[in-house]
Structure formats: structure tokens, C-alpha cells
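Protein chains: 2
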Amino acid sequence: MGMRSTPYFLLVVMICSAHAAPSQKERGCRRARSNLSIRIRKDNIIDLTHVTDERSAYWPNNPSGFEMVEIFKGFVETTTRFFYSTYMFSQPEHLGTHMDAPNHFFKGGLGADEVSLYKLIGPGVLINPKKNGTLFGKDSFITVDHFLEWERVHDKRIHSGSIVLLYTGYSDVYYDRSQYYGTNATGDEAVPLLHFPGLDPKAAEWLVTNRCIGAIGIDTASIDQARSKDFLVHQFLAKHEIPALENVGNLGKLAAANKGFKVIALPSKNGGGTGAPARIIAVLN
Amino acid sequence: MGMRSTPYFLLVVMICSAHAAPSQKERGCRRARSNLSIRIRKDNIIDLTHVTDERSAYWPNNPSGFEMVEIFKGFVETTTRFFYSTYMFSQPEHLGTHMDAPNHFFKGGLGADEVSLYKLIGPGVLINPKKNGTLFGKDSFITVDHFLEWERVHDKRIHSGSIVLLYTGYSDVYYDRSQYYGTNATGDEAVPLLHFPGLDPKAAEWLVTNRCIGAIGIDTASIDQARSKDFLVHQFLAKHEIPALENVGNLGKLAAANKGFKVIALPSKNGGGTGAPARIIAVLN
Numbered sequence: 000m001g002m003r004s005t006p007y008f009l010l011v012v013m014i015c016s017a018h019a020a021p022s023q024k025e026r027g028c029r030r031a032r033s034n035l036s037i038r039i040r041k042d043n044i045i046d047l048t049h050v051t052d053e054r055s056a057y058w059p060n061n062p063s064g065f066e067m068v069e070i071f072k073g074f075v076e077t078t079t080r081f082f083y084s085t086y087m088f089s090q091p092e093h094l095g096t097h098m099d100a101p102n103h104f105f106k107g108g109l110g111a112d113e114v115s116l117y118k119l120i121g122p123g124v125l126i127n128p129k130k131n132g133t134l135f136g137k138d139s140f141i142t143v144d145h146f147l148e149w150e151r152v153h154d155k156r157i158h159s160g161s162i163v164l165l166y167t168g169y170s171d172v173y174y175d176r177s178q179y180y181g182t183n184a185t186g187d188e189a190v191p192l193l194h195f196p197g198l199d200p201k202a203a204e205w206l207v208t209n210r211c212i213g214a215i216g217i218d219t220a221s222i223d224q225a226r227s228k229d230f231l232v233h234q235f236l237a238k239h240e241i242p243a244l245e246n247v248g249n250l251g252k253l254a255a256a257n258k259g260f261k262v263i264a265l266p267s268k269n270g271g272g273t274g275a276p277a278r279i280i281a282v283l284n
Numbered sequence: 000m001g002m003r004s005t006p007y008f009l010l011v012v013m014i015c016s017a018h019a020a021p022s023q024k025e026r027g028c029r030r031a032r033s034n035l036s037i038r039i040r041k042d043n044i045i046d047l048t049h050v051t052d053e054r055s056a057y058w059p060n061n062p063s064g065f066e067m068v069e070i071f072k073g074f075v076e077t078t079t080r081f082f083y084s085t086y087m088f089s090q091p092e093h094l095g096t097h098m099d100a101p102n103h104f105f106k107g108g109l110g111a112d113e114v115s116l117y118k119l120i121g122p123g124v125l126i127n128p129k130k131n132g133t134l135f136g137k138d139s140f141i142t143v144d145h146f147l148e149w150e151r152v153h154d155k156r157i158h159s160g161s162i163v164l165l166y167t168g169y170s171d172v173y174y175d176r177s178q179y180y181g182t183n184a185t186g187d188e189a190v191p192l193l194h195f196p197g198l199d200p201k202a203a204e205w206l207v208t209n210r211c212i213g214a215i216g217i218d219t220a221s222i223d224q225a226r227s228k229d230f231l232v233h234q235f236l237a238k239h240e241i242p243a244l245e246n247v248g249n250l251g252k253l254a255a256a257n258k259g260f261k262v263i264a265l266p267s268k269n270g271g272g273t274g275a276p277a278r279i280i281a282v283l284n
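Residue numbers (numbering that gives the first Met the number 0), protein chains in the order written: chain A, 0 to 284; chain B, 0 to 284.
I should point out that these hints are in silico values taken from the structure, not numbers from a laboratory.
Each hint should be verified, as a subset may be incorrect.
Said to hold, decoys possible - In silico BS3-like cross-links for lysine-lysine, where the CA-CA straight-line distance does not exceed 25 Å:
#, chain 1, residue 1, chain 2, residue 2
1, A, 118, B, 258
2, B, 258, A, 155
3, A, 106, B, 72
Next comes chain A alone, as it looks inside the complex:
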């Protein structure tokens, strides 16, 4: 894992490794996180959020997708005449670009409204495991080696509090359900037919315990690879209060910008939600 000899990195390693217990908090990850400066300029925001509409991706055995129902749309006559329009909407929590809360896979875990905002705003790391112009192999894993490779190429460690984004290329085929999920089927019978890559459970553990990340995101429907039966990454992240961002969009555009960036991911504050729609943006350095 590339031990470094400079005092700065030793310090981070020492802080991150001070205790044997696995949780971030116990390992002092909070203390290790430094201040973060975000500079908004004229044109340096990339929106990493897919539009939420009836085409939005949702887990195949959820009962339905995003639906809007009109309450009123038209002109109102009072002292003047004016246009007015308003709707209801409904959706599964885990539809489109969203955040998984710890209580999704950990009983009694934090709800969507309780996840620390300090974990959802941080320096960005983009992992691009695929060859240009292709999708990262379906049913493949992003492993610790991919993160070590990023550290070698960038000649730095992944900072404490980082928001690590995995660009598998699937965000580019978001609207092609057969490619995105590996199947057009829906319902429980679709689950065994799913195919897409995901994070290696060992890498999730490494990122959380050795790199003290704030959050992790992926441009597929799930942080766990499609063939997973017990969702070990979800379980581990949930237990350690690390939010996961799924169906992240526009990572191709972010990769093309080829610049350092910060991430701001703000979920809807649904009380006790096991997840919630999230607006996620990258702010280029």
C-alpha cells in the first residue's frame, strides 16, 4: 500500500491507525479531516445528478418508478389572470441519483435525514477503471489495486474525508435499461439476471478503515456488484455510517475535465428514510 516517509503522511497514517477498532470514529478519522475550500467560479460546476423522471432507474423489484400527478395546471382568474401549476410525485427511495442511508442495510442505523453533511461535502477522487470508450467489465470489481493505482498516478494519498467516485462508464448508458442493468426484466425474477460491476467488499473496508473516506459513489444501480447475494459492501458501509451514492451521472464529463474537484452531495431530508434523492455536484478546482 505504499508507505510514505514524509512527516505529513506519517501523521495521517498515525492518526488513522491509532486504534485497532474498525470504526472510522474510533480510528480518529474525524480529527484527521482538514478544512475544505470550495471556490465557485463562472463555469466550474458539473452536475452529477441524472434528471428524475419516469425514465429514472430503480431497483427491478420495486413496485413502480417515478410518477407525477397533476394537482392543478392552468390559468387562475382572481383580480388578475395568472398561470399556476403544481404536482404530487411518488417514487421509490432508491430511484435515480440517490444516497443510501445506513439504515438501508443496518438495523437502527442512521436515516437519510441523519447522515452527517460533513461526510457529503469533501475532496473528490475519480476512479476510472475502464479503458476509454468502453464499459468497465460487467460483474467485475473495482479493487484496492485501482485505488493504489490512483494514488501512484496522482502521487498522493486519498485524503481523509474524500468522496470517491467510481466511473465504470455505466452512467453513459443510463437510459438503456438492458445495458445498464444487464436485463430489461423487472420484478423479483429480474434480480438473478442483473449484470454490472461494483466495488470489491475488501476495497470498501480498505477505503473506510485505511483512507477514512467520507462517502463513496458509483455510476451504476448499486455499489455492490450485480451478482452479489448478500450485499457485503452495503452492509459494511451501513455499519460504519458511510453514505453510498448510486446512479451517479455525468462522470464521463467529469473525467473529461481532467481536473481536481470537490463534491457536494445533498440528499433530501426524508425522516428515517433508508435513502433519498440526492443532488450531487462536482466543483472543479
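Place chain B on chain A using the hints.
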């Protein structure tokens, strides 16, 4: 309105007043906006978002409020045994802390997914028109004088691109519907019974055309005062593509911090939505 004689303010006035047309864009408001630095420290975020749940405020003649329906909650047995929980939710667009999109009151206006994020991230201005510990008078207006008073006290103009927040005190009584709305009634018959303060339509025009604001927020159910029949503020803001934030929370806490701040308001990206839940945070300087 307090003409200033320093070159800086003259320049801003000149840029903002270069054309007679009313729109911000035509008036050069975009050019006048400068870079924005936001510094996240250990404990300088104030969440201005009410939790979204079955108690959340919604316009009295909307058919229903926030509802969650369980899809699954319990333990799953596969190769291992793990906890899993997931829900559907439904709500009116304009429930709880949310953003009004221009198409709410302007036919063909931008939807919730199309509002510029640059308008939703900006320097914050907190207007506190009430006496300490009381609610600002119901059915009262926040007027241009309140903004000029803020400028006098702070000895500076409201910056171009500012997100102006109106603290009427109603965020402190959010869960007391009879106080918050002025009535416990629901349905169409409740509308004539509403009582709460709002923004003077003349002040909305002044803020947009003379101060080039990015967005405006209020801690009541509507940026228009409760007695409004034609929603002139909504109409004006919609026409000029200025998002309005309603049911903003925690403004008392922000007032108590008594510091300058930046605002980040990120709405759900509902395609064509006339509004959307927004997670709104203040970052203290």
C-alpha cells in the same frame, strides 16, 4: 435607496442598470457576479432544512402530505443473514423545505431540474424584520426598507448573486399548524383563512432588478403574504427565473450565530417539476 458615491458601487449600479429591460440577464447581473469561496470547517454548517415527514407543512388544498410506504423491512437469508429496509414515498412538490421553480407561476418557465445551480449557491443575507422572541406580524410585508436597513447596518450593498433569507420567526413554530398557517383547516376552504407575513411585491422587484439576487428564501409557507390573491411575488420571480425557497428552517439558529455566511441550496432534480424538495445549508464564514 441610498445612492453611493464610491467607484465600486457606481460600477455595480452601472452594470446592473445598463439596459432598460427588466430581466436580470439583460441587465448584466451575471457578469456582475464574482467568484465565491466557501470554507467548510469542523462545525460551521447550519442545516436550514426541516425534516421531511408526515408532519411536514404543505399547502392546505393539496390532496395529501408526505407518506412513506414500506416495500421491505426485515432480515434476508441468503448465504448470510442481513438486515434490509426500503420504502416508497409520495408528497406534493411544494411540501416542507423546498424550491419553487419558475414554471410554478410562469407558463413554459424552467422546471425544477433546469434552475441554474449558480443561482442556488451564493453569499447569504439574513433579514430579521421582527423584534427578538416574537413572530413578525402576520399578514405583514417585508419591504424595501428592511433591505436598505440591512445595508445600513452592515455598511455594504447586498451582493449580486446573494441568497436573501427572510427570518420572520415562523420557522420557530413550524410544527404548530394553527400558528404557522394561521389556521388548522385544510382544503380549498382553508385558503381564505391563511395568515402569515410575506415579501412585498415591490421589494421582490427591487431585489431582482436593483440587487441582482440569485435566490430568495423565507421561513413561512409562501414567499407571498397569506392574503395574496394573485401571488405577485411568485409571478415576478418566476418570470425572472429567480428560484424561491419556502419553509426554510433553522433561521433562528442562523440569526443567533450572528456571522456572515454562504448558502448552498440543492433541489431534487425532478424533470419539469414546478418545485422540488431542497436541502439548504448555511456555511458560516
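**Message:** Hint check: residue 106 (chain A) vs residue 72 (chain B), CA-CA at most 25 Å. Holds or violated?
**Reply:** Between residue 106 (chain A) and residue 72 (chain B) the Cα gap is close to 9 Å, so the pair holds against 25 Å.
**Asked** Does the structure keep residue 118 (chain A) and residue 258 (chain B) at a Cα separation of 25 Å or less?
**Response** Distance ~23 Å between residue 118 (chain A) and residue 258 (chain B) Cα, so the pair holds.
**Item:** Restraint status (C-alpha distance of residue 258 (chain B) to residue 155 (chain A) at most 25 Å)
**Value:** Outside the cut-off at roughly 35 Å; violated.
Violated hints amount to a single one, hint 2; each of the other numbered hints is respected by the structure.
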